[in-house]
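Undergrad: Here is how the chains run, residue by residue.
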Amino acid sequence: MGWTRKDLLAMRDLDAGEILLLVDTAASLQEIATREIKKVPALRGKTIVNLFYEASTRTRTSFEIAGKWLSADVVNFSASGSSTAKGESFIDTAKNIAAMSPDVVVVRHSSSGAAALLARELPCSIVNAGDGTHEHPTQALLDLLTIREKKGHFEGLHVAIVGDIAHSRVARSNIHGMRKLGMTVTVAGPPTLIPPFVQELGVKVAYRLEDAIRDVDVIMMLRLQHERMAAGLIPSLREYARYWGLSLDRLARHARPDALIMHPGPVNRGIELSPEVADGPYSVILDQVTKGVAVRMGVLLLLAGSKGGDGA
Amino acid sequence: MSLLLRGGRVIDPANGVDAVQDVLLAEGRVARVGPGLEAPAGAEVLDVTGKVVCPGFVDMHVHLREPGFEYKETVATGTRAAAAGGFTAVACMANTHPVNDNGAVTDYILAKAKVEGVVRVYPIGAVTRGLRGEELAELAELAEAGCVAFSDDGKCVQNAGLYRRALEYTLPFGVPVISHAEDTTLCQGFAMNEGVVSTEIGLPGAPAAAEDVMVARDILLAELTGAHVHIAHLSTAGAVRLVREGKARGVRVTAEVTPHHLVLTEEAVRTYDPNTKMAPPLRTKRDTEALVEALADGTIDCVATDHAPHALAEKEGEFDRAAFGIVGLETAVSLLLDRLVRPGLLPLATLVSRLSRDPARLLGLPGGSLAPGAPGDVTVLDLEQAVSVDPRHFRSRSRNTPFAGLTLTGAPALTLVGGQVVRP
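Top to bottom, those sequences are chains A and B.
So the first sequence is residues 1 to 312, counted in the working numbering.
So the second sequence is residues 1 to 424, counted in the working numbering.
Incorrect hints may have been included.
Stated by the list, open to error - If the Cβ cut is set under 8 Å, some of the chain A residues that face chain B in the computed set are:
(1) Ile91
(2) Ser112
(3) Gly113
(4) Ala116
(5) Leu117
(6) Arg172
(7) Leu181
(8) Leu201
(9) Lys204
(10) Ala206
These are computed hints drawn from the structure, not numbers from a lab.
In this text, a Cβ means the ideal position worked out from N, Cα and C, and glycines have one as well.
Kindly generate the complete structure, drawing on both the sequences and the hints.
TA: Laid out in structure tokens, this is it:
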């Protein structure tokens with residue numbers, strides 16, 4: 001089966017076949033990173049604009065490298081120091097960029113729905129690189145690729161996602177992707193960080209870390225934003241770390257020895273993860289970052305390479 | 001100068017009329033209603049056979065935006081939108097700039113309405129100075145200047161002690177205080193209803209409880225003070241239950257509902273169309289069902305549009321940054337006829353009552369009746385006319401509607417104010 005969509009906006013939109021196509025395509029592109037000359041001509045003559053309205057190191061760099069390895073021309077647009085600082089609206093900026101005929105716009109924005117808005121307004125392909133607290137599909141895809149490589153399959157795996165589920169676009173994208181691929185998902189955190197009616201997305205909910213990580217194949221820890229404390233959602237970072245931080249001791253006592261430890265980064269060491277766990281033998285945090293480039297190559301290739309590309 | 005509406009089905013709930021009759025208007029008032037009326041010499045005769053003749057519709061909740069936000073709407077454009085939508089009178093909220101919190105602003109609005117308006121305009125005064133919720137506005141002066149109610153609509157007076165004083169202070173004026181019921185501590189930063197959809201699409205939600213808590217408070221304060229509290233744009237099943245219970249105990253509480261809360265749910269927000277963003281937010285199917293039932297049984301007293309015009313730039317971008325509110329004057333009647341009356345959810349006569357007699361009574365206005373001597377304000381409906389909603393043809397200065405492109409059956413055919421056909 002082939003890829004037919006103009007945009008990649010949300011894992012919720014995709015069916016299992018489309019998700020597997022994305023993961024497989026990424027898997028096949030991984031070896032490019034091991035070549036001496038990391039360049040294929042697949043997207044030669046294509047233009048990709050990275051439109052980043054939120055600070056991002058990992059994701060923006062990852063998309064940039066992915067585009068360059070595919071020989072596309074990659075342009076970075078970040079909100080500071082641009083027309084946005086002069087008061088131009090998001091839509092106007094986007095339309096101006098579209099007027100320069102890019103093939104793909106990769107967008108990161110603090111407003112949920114920002115990527116869908118661009119997809120509606122612009123003729124080029126849109127990749128959602130994170131919109132507010134909605135979705136971050138390429139993060140979920142790289143998580144899935146990492147999991148399949150370590151565990152060999154998806155069906156029947158059990159994943160615990162732990163932390164600030166309410167404000168996490170990573171959690172939402174992973175919940176949809178994992179459920180569609182036949183995985184069981186438990187979300188866990190203090191009730192103030194669990195979004196209402198989350199069970200209706202087909203997940204289980206746990207309110208103790210010990211319960212969440214028992215017998216699971218994968219433990220995905222989320223970053224705790226410090227502003228959640230200011231908003232009165234948790235009493236203190238100290239208490240959060242004490243009850244929700246994953247330490248070696250907790251891991252040894254409650255989790256299976258082969259449970260993968262994942263984190264979308266950047267890690268608050270000592271808050272949600274102790275340094276020994278972050279750097280431990282079952283941590284795949286850096287593998288996730290490596291897979292990120294392959295996943296973004298795959299996404300760009302399927303979106304921009306399908307019509308008249310040179311092929312990989 | 002007289003005008004005879006001949007052959008229509010007259011629905012006049014205030015006088016228990018639902019029959020094919022003629023309506024004679026003379027000198028700006030209703031002269032006679034009855035079968036087979038003779039047209040006096042020189043009278044204009046309009047054949048309205050097959051159409052429905054109603055007392056003029058009253059929208060007790062609109063934002064005309066003037067003074068201060070003339071780029072969104074003016075008295076001139078807003079009243080033309082009202083006339084096009086079948087409304088002969090509107091009550092306009094106080095959140096203008098400057099705020100209608102003193103008699104001079106009320107005078108200005110009324111002067112504008114007299115010169116530029118094409119339907120009747122009834123200003124609503126602010127409860128608190130600058131809508132800040134800190135100190136009472138000059139309520140006696142506002143009442144004397146012609147305000148027909150008080151409200152900080154758009155904001156909610158959070159301080160219960162202050163609100164209690166407002167209810168007491170306004171008792172002698174005999175006008176309601178209208179509550180935009182929203183406990184802001186329960187819905188800080190919200191963009192939509194809190195529920196499974198807000199969780200999925202990642203927008204901050206306002207729980208139904210943010211409204212219900214305030215409705216409960218306001219009913220208790222109405223009971224304490226003996227004042228008449230009117231709940232604006234009621235949107236939850238819980239608030240319906242509270243109002244029903246309050247009425248049963250004899251508390252002076254009334255309520256209105258908007259067309260959009262009756263026909264849309266939070267599912268509409270999935271598109272991230274900022275024209276689905278309003279306060280209170282679109283709720284769930286369970287809520288809309290409770291609202292329709294409450295409108296039918298009289299727990300909710302009337303329909304009001306909460307017509308909230310905004311410029312395109314305020315409603316086209318990121319959802320969480322967009323302004324709250326939609327225009328409603330030019331779509332309300334068709335939506336209600338198509339979505340409630342045609343499927344049999346609400347009898348036509350009940351809808352007519354909720355749009356005319358009931359809001360007029362609630363605000364103590366002269367209209368809402370076709371009794372001889374009543375103002376010659378009439379709305380004529382064509383139940384069979386199909387209309388497609390095209391915002392480019394709105395008389396309103398703004399276009400912010402989620403209903404663009406819909407085809408609806410049933411529409412206002414004629415609007416008469418003071419015995420004259422209004423041509424918006």
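Undergrad: All hints are to be evaluated individually against the structure, with a verdict given for each.
TA: Verification of the hints:
1. Ile91: Hint holds; isoleucine 91 of chain A Cβ to chain B Cβ min 5 Å, cut 8 Å.
2. Ser112: holds, 4 Å
3. Gly113: holds, 3 Å
4. Ala116: holds, 5 Å
5. Leu117: Since the shortest Cβ distance to chain B is 6 Å, the answer is holds.
6. Arg172: Since chain B brings a Cβ to about 6 Å from arginine 172 of chain A, closer than 8 Å, the hint holds.
7. Leu181: Leucine 181 of chain A check fails; min Cβ-Cβ to chain B is 18 Å, beyond 8 Å.
8. Leu201: holds, 7 Å
9. Lys204: violated, 15 Å
10. Ala206: With a minimum Cβ separation of about 17 Å from chain B (threshold 8 Å), the hint on alanine 206 of chain A is violated.
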